[in-house]
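Asker: Below, each chain spelled out in residue letters.
There are 6 protein chains.
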Amino acid sequence: MNSEVQQKAFGKYATLAALLGQKAALELMPEHEEFKVVTGKVGSMDLKKVISSVETAAKRNELINPDIYRETHALYHAIIEAAEGVTRGKLSVGEVMRTVGLSFAAVRGYPYKDPNEGEWIAVCFYGTIGAPIKGKEHETLGLGINHI
Amino acid sequence: MNSEVQQKAFGKYATLAALLGQKAALELMPEHEEFKVVTGKVGSMDLKKVISSVETAAKRNELINPDIYRETHALYHAIIEAAEGVTRGKLSVGEVMRTVGLSFAAVRGYPYKDPNEGEWIAVCFYGTIGAPIKGKEHETLGLGINHI
Amino acid sequence: MNSEVQQKAFGKYATLAALLGQKAALELMPEHEEFKVVTGKVGSMDLKKVISSVETAAKRNELINPDIYRETHALYHAIIEAAEGVTRGKLSVGEVMRTVGLSFAAVRGYPYKDPNEGEWIAVCFYGTIGAPIKGKEHETLGLGINHI
Amino acid sequence: MNSEVQQKAFGKYATLAALLGQKAALELMPEHEEFKVVTGKVGSMDLKKVISSVETAAKRNELINPDIYRETHALYHAIIEAAEGVTRGKLSVGEVMRTVGLSFAAVRGYPYKDPNEGEWIAVCFYGTIGAPIKGKEHETLGLGINHI
Amino acid sequence: MNSEVQQKAFGKYATLAALLGQKAALELMPEHEEFKVVTGKVGSMDLKKVISSVETAAKRNELINPDIYRETHALYHAIIEAAEGVTRGKLSVGEVMRTVGLSFAAVRGYPYKDPNEGEWIAVCFYGTIGAPIKGKEHETLGLGINHI
Amino acid sequence: MNSEVQQKAFGKYATLAALLGQKAALELMPEHEEFKVVTGKVGSMDLKKVISSVETAAKRNELINPDIYRETHALYHAIIEAAEGVTRGKLSVGEVMRTVGLSFAAVRGYPYKDPNEGEWIAVCFYGTIGAPIKGKEHETLGLGINHI
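Chains as they are written, first to last, in our numbering: chain A, 93 to 240; chain B, 93 to 240; chain C, 93 to 240; chain D, 93 to 240; chain E, 93 to 240; chain F, 93 to 240.
This is chain A alone, in the form it adopts within the complex:
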């Protein structure tokens, strides 16, 4: 990232956590230790279930405060942006005869030096998308980032 001096690449950190696991991500980017990370897995033909899996994991692990709507709103839009990458601009899974098997990572913290920039959230999905038949699938990826 060509502005690494000004901000921490917490989206890269979320992506490495989704690709390689949280521990490997931290080894590669130890300076991101202060960011809070939640990871999980979800497989479905139902985009609703993909969205709610991340929301549930984020609430259960206190990545976001479920009582504050602005936190839910920030997370929701980050999830949807990541899902645009996974579905490559179609935002449909089962409706167009596809199924997904995804790992996800959600990361929260202060990526910018200036404390006025506040907290941001990154959501990354990585896994497979394809026909609902084992092996008839290829990889897919998506990243969403939002201020919280």
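Just so you know, these hints were derived from the structure itself, not from any lab. Any given hint could turn out to be false.
[As the list claims (entries may be wrong)] Partial list, derived from the structure: chain E residues whose beta carbon lies under 10 Å from chain D:
1. Leu118
2. Glu119
3. Lys141
4. Tyr161
5. Ile171
[To be verified] DSS-like cross-link-like pairs, simulated, lysine-lysine; straight-line CA separation at most 25 Å:
6. F/Lys128 - E/Lys228
7. A/Lys182 - D/Lys182
8. A/Lys226 - B/Lys205
9. D/Lys140 - E/Lys140
10. D/Lys151 - A/Lys205
11. D/Lys182 - B/Lys140
12. F/Lys141 - F/Lys128
13. E/Lys151 - B/Lys182
14. B/Lys128 - A/Lys228
15. A/Lys141 - C/Lys141
16. F/Lys141 - C/Lys140
17. A/Lys141 - B/Lys182
18. C/Lys205 - D/Lys226
19. B/Lys228 - D/Lys151
20. B/Lys133 - B/Lys182
21. E/Lys182 - B/Lys140
22. F/Lys205 - F/Lys128
23. C/Lys140 - A/Lys140
24. F/Lys182 - B/Lys182
25. F/Lys141 - F/Lys182
26. F/Lys151 - C/Lys182
27. D/Lys140 - C/Lys182
28. B/Lys182 - E/Lys182
29. C/Lys182 - D/Lys141
30. F/Lys151 - A/Lys226
31. A/Lys182 - B/Lys182
32. D/Lys182 - B/Lys141
33. A/Lys151 - A/Lys140
34. D/Lys151 - D/Lys133
35. B/Lys128 - E/Lys141
36. E/Lys151 - E/Lys140
37. F/Lys140 - A/Lys228
38. B/Lys140 - D/Lys141
From the three backbone atoms N, C-alpha and C, an ideal C-beta is built for every residue, glycine too.
Since the structure of chain A is already known, use the hints to place chains B, C, D, E and F on it.
Answerer: For chains B, C, D, E and F alone, kept in the frame of chain A given last:
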């Protein structure tokens, strides 16, 4: 990826190459050595220029044969799918007052065990998207995969 | 509207009817008295139900003639355009874990001075969109206009 | 809005300001006096110019702090959501032979009772869209809302 | 078409005219003689130019009355729907490094038995889309239909 | 098509097969005899069923090899591109209260002179789209093309 036994995760390999560079990607995934990789950088408000940068790099480095349209066609759709992730379903950059600064990796090879599956191509973009003012930007990512 | 001399702002009238009710709209824009107005409410996670609520209200109140397909066709496209505003370009509600609670107004009449321009229809939705939890939502709005 | 007890309808307020002007909006919704409002006009075939007109007005009138990226980011996404309504899901103007003439209102404040919900921003466009010939146009509207 | 008894397949007629020329279309579907047809060709990287070529041909050949906005509006939406087929949901040509070479046919008349259904318009594009290099392209097609 | 000397218009051939039937298509374009064609019909409010009807017909008639994922992948994307034309960029049927009644043709072969270009697939849908009421519908069309 939940079918790693059946296929090589060459999309993950492309993503690590875009995020960390080709050398680091190979260290993390040495079993992908036989895949051909091309990397590059492009910064622009013009999506056309982003697309043509990958195409030019792929042709110049013989990742694809420029005389065969099916190879151009396969690469083009992989680029567009990756761009859907970067722009999160809008496929516009300058038209909506955004600029991107991206690293890219394009990877070609045989990800499936069955040789009848033939060659596939993966394109990954990683970098920043935002207002055309230094620092007013956040990270972005996209991955496209196609048979060649 | 910068061509108010040439046409009546019946889309504004539909919007005020959705926002404030039909009576308040007429008080603010009494010169639109000759336009026919139908209003209603619908809450759902199912976009189909949102569409059919407006269609049913329009047919039951004789805003359109249900036996003439061109009237159904004109209304349908006005509803879909209004729904694009409500969903901000995604045309999905429940599939992406959202629910809507909407007031709507459909208005029919002659907005242009030239009688050859014939009748037009405007559909406006106003209400809330958000997570399927009370209070975890914000406002949303959409307007569609078509010749009939 | 069916949750008016829990939140102020500042999106409705922004819409009335775009439709009727800031003074008329305040007369209709006096309880929104504490919200900060910026209004303006823009006519163009270029969506970039529409976006930058709102950004410039918001910065010049101190609706947002131009030095904090999260404020620019929140405003940008609210503008884009409003533009989705105006263009009804296509996010293009001149590229598809259309021109727009728009009034806009941007509103900032605390719509939710709970102070932890913090500040939010609403952007509304109202005006005309059509062929680049006077009179060959109809009304259009869009509303975007984001936490800031 | 499974309702051919109730309506004339004037969209099929427009498609045959774009594929084979107006004369061949009429030979295959002589019962459509009363429909008015305009055909033309356009090659461009600029979607605006594609749209305006059809509009100009339709006005010059009196398929629509240029002084009545509802006719321009009906034609415009039929063109855009046909362009969605050509670009397969992206509504961009040059912006995503593609060029098109298209034949088009626009057809106007009464497809439904019931005279209250009035006049409708069909627009069909057929040709090639691809890289801006001769031969690096494949066929493309789109059909839009609207009441007038 | 302005490059007919360089390639066979097998997309036109698929379209004529969907519009007029396979026999009539072959009479009009006898030089396409070597292409393999599969035709069928499907009516549904469910896009999944439309997609799977073409996939099932293509597998049952050995147009594609069901054991090779690249063939399924090539066909799937051709179907989705054709469905973008049918739904005009929305990729939804029942979710937006529409139903379709479609004929389809899928064609496979070598359209380019250069044998290195290999095999390609074309999928065309033609039929009606509209309200789920007999007669409240108009024609629709879509064509997708992919290398296999």
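Asker: List, from low to high, the hint numbers that the structure doesn't satisfy.
Answerer: 1, 2, 13, 26 and 35
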